[in-house]
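**Q** What follows is the residue order along each chain.
2 protein chains.
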Amino acid sequence: MKRIETWIVFTLLMVMRLQAQVLQEDGSVLFTYTHKEATKAVVVVDNTAYPMQKQDADMWEVCVQGLTPNLHTYLFYINDVPALDQRNPHRMRDVASTFNFFILPGGEADMYQAQDVPHGTVQQVWYPTLTQTQRRMSIYLPPSYGQGDRYYPVLYLLHGSGGDELAWLELGRTAEIMDNLIAAGKAKEMIVVMPNGNMYQEASPTYCAERTPWSDSKVRLQGTFEETFSDVISFVEKNYRTITKKHARAIAGLSMGGYHAMHISHYFNQMFDYVGLFSPTYSTIPIEERNMPGMKLSFPSERTTPRVYRNVEKDLERQFAAKPALYWIAIGTTDFLYQENVQYRAFLDSKGYPYTYYESQGGHSWDNWRHYLTLFVPQLFPHL
Amino acid sequence: MKRIETWIVFTLLMVMRLQAQVLQEDGSVLFTYTHKEATKAVVVVDNTAYPMQKQDADMWEVCVQGLTPNLHTYLFYINDVPALDQRNPHRMRDVASTFNFFILPGGEADMYQAQDVPHGTVQQVWYPTLTQTQRRMSIYLPPSYGQGDRYYPVLYLLHGSGGDELAWLELGRTAEIMDNLIAAGKAKEMIVVMPNGNMYQEASPTYCAERTPWSDSKVRLQGTFEETFSDVISFVEKNYRTITKKHARAIAGLSMGGYHAMHISHYFNQMFDYVGLFSPTYSTIPIEERNMPGMKLSFPSERTTPRVYRNVEKDLERQFAAKPALYWIAIGTTDFLYQENVQYRAFLDSKGYPYTYYESQGGHSWDNWRHYLTLFVPQLFPHL
Numbered sequence: 045m046k047r048i049e050t051w052i053v054f055t056l057l058m059v060m061r062l063q064a065q066v067l068q069e070d071g072s073v074l075f076t077y078t079h080k081e082a083t084k085a086v087v088v089v090d091n092t093a094y095p096m097q098k099q100d101a102d103m104w105e106v107c108v109q110g111l112t113p114n115l116h117t118y119l120f121y122i123n124d125v126p127a128l129d130q131r132n133p134h135r136m137r138d139v140a141s142t143f144n145f146f147i148l149p150g151g152e153a154d155m156y157q158a159q160d161v162p163h164g165t166v167q168q169v170w171y172p173t174l175t176q177t178q179r180r181m182s183i184y185l186p187p188s189y190g191q192g193d194r195y196y197p198v199l200y201l202l203h204g205s206g207g208d209e210l211a212w213l214e215l216g217r218t219a220e221i222m223d224n225l226i227a228a229g230k231a232k233e234m235i236v237v238m239p240n241g242n243m244y245q246e247a248s249p250t251y252c253a254e255r256t257p258w259s260d261s262k263v264r265l266q267g268t269f270e271e272t273f274s275d276v277i278s279f280v281e282k283n284y285r286t287i288t289k290k291h292a293r294a295i296a297g298l299s300m301g302g303y304h305a306m307h308i309s310h311y312f313n314q315m316f317d318y319v320g321l322f323s324p325t326y327s328t329i330p331i332e333e334r335n336m337p338g339m340k341l342s343f344p345s346e347r348t349t350p351r352v353y354r355n356v357e358k359d360l361e362r363q364f365a366a367k368p369a370l371y372w373i374a375i376g377t378t379d380f381l382y383q384e385n386v387q388y389r390a391f392l393d394s395k396g397y398p399y400t401y402y403e404s405q406g407g408h409s410w411d412n413w414r415h416y417l418t419l420f421v422p423q424l425f426p427h428l
Numbered sequence: 045m046k047r048i049e050t051w052i053v054f055t056l057l058m059v060m061r062l063q064a065q066v067l068q069e070d071g072s073v074l075f076t077y078t079h080k081e082a083t084k085a086v087v088v089v090d091n092t093a094y095p096m097q098k099q100d101a102d103m104w105e106v107c108v109q110g111l112t113p114n115l116h117t118y119l120f121y122i123n124d125v126p127a128l129d130q131r132n133p134h135r136m137r138d139v140a141s142t143f144n145f146f147i148l149p150g151g152e153a154d155m156y157q158a159q160d161v162p163h164g165t166v167q168q169v170w171y172p173t174l175t176q177t178q179r180r181m182s183i184y185l186p187p188s189y190g191q192g193d194r195y196y197p198v199l200y201l202l203h204g205s206g207g208d209e210l211a212w213l214e215l216g217r218t219a220e221i222m223d224n225l226i227a228a229g230k231a232k233e234m235i236v237v238m239p240n241g242n243m244y245q246e247a248s249p250t251y252c253a254e255r256t257p258w259s260d261s262k263v264r265l266q267g268t269f270e271e272t273f274s275d276v277i278s279f280v281e282k283n284y285r286t287i288t289k290k291h292a293r294a295i296a297g298l299s300m301g302g303y304h305a306m307h308i309s310h311y312f313n314q315m316f317d318y319v320g321l322f323s324p325t326y327s328t329i330p331i332e333e334r335n336m337p338g339m340k341l342s343f344p345s346e347r348t349t350p351r352v353y354r355n356v357e358k359d360l361e362r363q364f365a366a367k368p369a370l371y372w373i374a375i376g377t378t379d380f381l382y383q384e385n386v387q388y389r390a391f392l393d394s395k396g397y398p399y400t401y402y403e404s405q406g407g408h409s410w411d412n413w414r415h416y417l418t419l420f421v422p423q424l425f426p427h428l
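Going down the list, the sequences are from chains A and B. Just so we're aligned: 240 in this note's numbering is position 196 of the first sequence, and the numbers increase by one with no gaps anywhere. Just so we're aligned: 316 in this note's numbering is position 272 of the second sequence, and the numbers increase by one with no gaps anywhere.
Careful: at least some of the hints might be erroneous.
No copy labels: a pair is met if it fits in one copy or bridges any two.
As the list claims (entries may be wrong) - Once the Cα atoms are required to be at most 27 Å apart in a straight line, the calculated DSSO-like pairs of lysine-lysine come out as:
{"#": "1", "residue 1": "Lys232", "residue 2": "Lys340"}
{"#": "2", "residue 1": "Lys98", "residue 2": "Lys84"}
{"#": "3", "residue 1": "Lys358", "residue 2": "Lys395"}
{"#": "4", "residue 1": "Lys358", "residue 2": "Lys289"}
{"#": "5", "residue 1": "Lys282", "residue 2": "Lys98"}
{"#": "6", "residue 1": "Lys80", "residue 2": "Lys98"}
{"#": "7", "residue 1": "Lys230", "residue 2": "Lys367"}
{"#": "8", "residue 1": "Lys230", "residue 2": "Lys289"}
{"#": "9", "residue 1": "Lys340", "residue 2": "Lys290"}
{"#": "10", "residue 1": "Lys80", "residue 2": "Lys232"}
{"#": "11", "residue 1": "Lys282", "residue 2": "Lys340"}
{"#": "12", "residue 1": "Lys358", "residue 2": "Lys290"}
Honestly, the hints are just simulated from the structure, not real lab data.
The shape of chain A in the complex, shown without the other chains:
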């Protein structure tokens, strides 16, 4: 089993020399962990747990076979205590979980890694709102931005309920994916705007204290984010070189961000020509009630409902009457929101609203969302 001679090996050899893992040519990775008093050690790679075997006095190890080219995450559990690889600085945070990662190169995985291509610029910028004084968003500016007189189309890209304005950058590898797609001629140069969709947060917890607990689900889906999304658009179109036309605006999101993208795009129904719903949920009624086979989605309409949720069917009618260039829905077959998506597609079919559907393996996870992004972005703005 010869070592692969690529850059990735340096990362992994470095780590190996010190503590934790080795890459071998056939996609197998050796995980080791040293701890004197452990009686049980497990490594969770992606979502699969691998029990480790005790090798000597304090060294535990397991060789995981057949990992495919991709970004892989891992976390040790030493006597059931979640433990990072103390020697690998490559790590990501998802809500309150931090784990290590590495990229096995090849295929789409190469899109997730910074390559020697022109790079865009990433910004964190604060924008004023009516509901809170200021909120933070991340912005990706493409490589040629600022070097000439061009104006650019904009993709608004929304995170899930545990995320924040850094999630698409850190877990989603958006800057790397955009740089690499653009360099390969597979995507147009565009601005990507990643706001923070949790109204209880003004910014990521790396920056700000929350004013409300994130565990309080009542603060999540009150419609405020969707109804005030014009704040985000106004700020971006005022401060950046953007094409301020429907044919140059796209909106996409994952999970709760898919919910946001769906509701924002029907509420501002003449605004976006491209809509991407990645593993989305749709309705404001509890999941238990809407996720049963045979059930149809229903949208509330009471006067007490936030405005954005009050006229969903009418708004969708207006949105589809204006013929969006792309209405793209993607979900994995084992996603817990799969059934709800069957229902939403049945609803769209019943109305004769055209959409494009993409079904992948797997569930509600970042490896699907990175994959969906690499599929969605090349379909945007072909005329520009």
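Fit chain B to the supplied structure of chain A, relying on the hints for placement.
**A** Same frame as chain A, but now just chain B:
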């Protein structure tokens, strides 16, 4: 012991409800950790270990008294396995260690927290170099940047050997400190440039794989970063609205970054009017040889030495002949580099070179470096 009614309490109460800590009014914090099979639990707060007591079947707890207003870090050790607070998303990475943090408000600690003041913008941008194709740097643009025709002075701010272009932002709270100092009228609006000073890295490991192991100390201090620092300055002055004069340039750094700031500022000795050395090291000879009491620092001069280290004394003579507006040295009394700093000050004294010296408690740690930054920045560019 009444709860403090400030925003911070929300963060901590949130956490408490789920798992890990409670704030009380007298600066005491209750740390708890739940684990079924633990036989030993410790929490390390800042750099002090507190053994936890078993409360019932699986709950461990310790109340830590007398914490002062500051940013405090903590990490649990459950049966000696380092463990994050799984319910607190507030965390920082330092080299390959990740830990939780919270801020006890009051005094200077309020500078470390985003407040309701005008915020600057943070960028990560790639710049071209002669030695590598591209490298990434972080840039802080002050609140008024881009809103008028102003040009700004620039502070170049350098991290230590385990850091990268995100270290001053994440661990150093630079954006928060700058926003708050500027809002309080204590600092001028300025651009802060935070490049990556480790030449084996093109960017932070959140973004890039390293091409060389960070543990290989030989790649650290080869002079390349210092000698090519003109790449950084050129890029910044070409692409941002900067005042391109000595009186509008400052350079500062911590630890290895202090070493870089010292060597860059004598090498480009007509370039910087303000120099800040935070817990710096100075010489290229091994620490063991230069850190003995009574020993003088010596700078190598052989032809094989990188150019930047070859004429240090001559360069310093030129630097001080041009009368820098501020040459500021800060170190903690228990820093392992303390003795070396005694020697460097003796050297400056022997030459009659003026400098300002600030001595703090404590050692080689981020709480000192955040503190030094809040002291250094108000001294910059008083005439602008």
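**Q** Within a copy, between copies, both or neither: where do Lys80 and Lys232 come within 27 Å Cα-Cα?
**A** Answer is neither: 54 Å inside a copy and 53 Å across each miss the 27 Å cutoff.
**Q** If the cutoff is 27 Å on CA atoms, where do Lys230 and Lys367 land: within, between, both or neither? Let me know, please.
**A** Answer is within; shortest intra-copy Cα gap is 24 Å, inter-copy 55 Å.
**Q** 27 Å Cα cut-off: does Lys98 pair with Lys84 within a copy, between copies, both or neither?
**A** both (8 Å within a copy, 21 Å between copies)
**Q** Given a CA cutoff of 27 Å, do Lys282 and Lys340 count as a within-copy pair, a between-copy pair, both, or neither?
**A** This pair counts as neither: shortest intra-copy Cα distance 41 Å, inter-copy 58 Å.
**Q** As a check of your reading, is Lys282 near Lys98 (CA-CA no more than 27 Å) within one copy, between copies, both or neither?
**A** neither (60 Å within a copy, 57 Å between copies)
**Q** Between copies, within a copy, both or neither: which fits Lys232 and Lys340 at Cα up to 27 Å?
**A** Neither: 38 Å inside a copy, 60 Å across copies.
**Q** At most 27 Å between CA atoms: does that hold for Lys230 and Lys289 within a copy, between copies, both, or neither?
**A** within (22 Å within a copy, 43 Å between copies)
**Q** My question is about Lys358 and Lys289: at a cut-off of 27 Å on alpha-carbon distance, are they close within one copy, between copies, both, or neither?
**A** Classified as within: same-chain Cα gap 23 Å, cross-chain 61 Å, threshold 27 Å.
**Q** First find the shortest C-alpha distance between Lys340 and Lys290 inside one copy, then the shortest across copies, and answer within, between, both or neither for a cut-off of 27 Å.
**A** Cα proximity of Lys340 and Lys290: none, with 31 Å in one copy and 69 Å across.
**Q** Tell me, please, which holds for Lys80 and Lys98 at an alpha-carbon limit of 27 Å: within, between, both or neither?
**A** Both: 11 Å inside a copy, 22 Å across copies.
**Q** Regarding Lys358 and Lys290, is the shortest C-alpha distance of 27 Å or less found within a copy, between copies, in both, or in neither?
**A** Classified as within: same-chain Cα gap 20 Å, cross-chain 63 Å, threshold 27 Å.
**Q** I want to check one pair: Lys358 and Lys395. Are their C-alpha atoms no more than 27 Å apart within a copy, between two copies, both, or neither?
**A** Answer is within: at 11 Å inside a copy they meet the 27 Å cutoff, but 81 Å across does not.
Consistency with the previously given hints fails for numbers 1, 5, 9, 10 and 11, ordered from lowest to highest.
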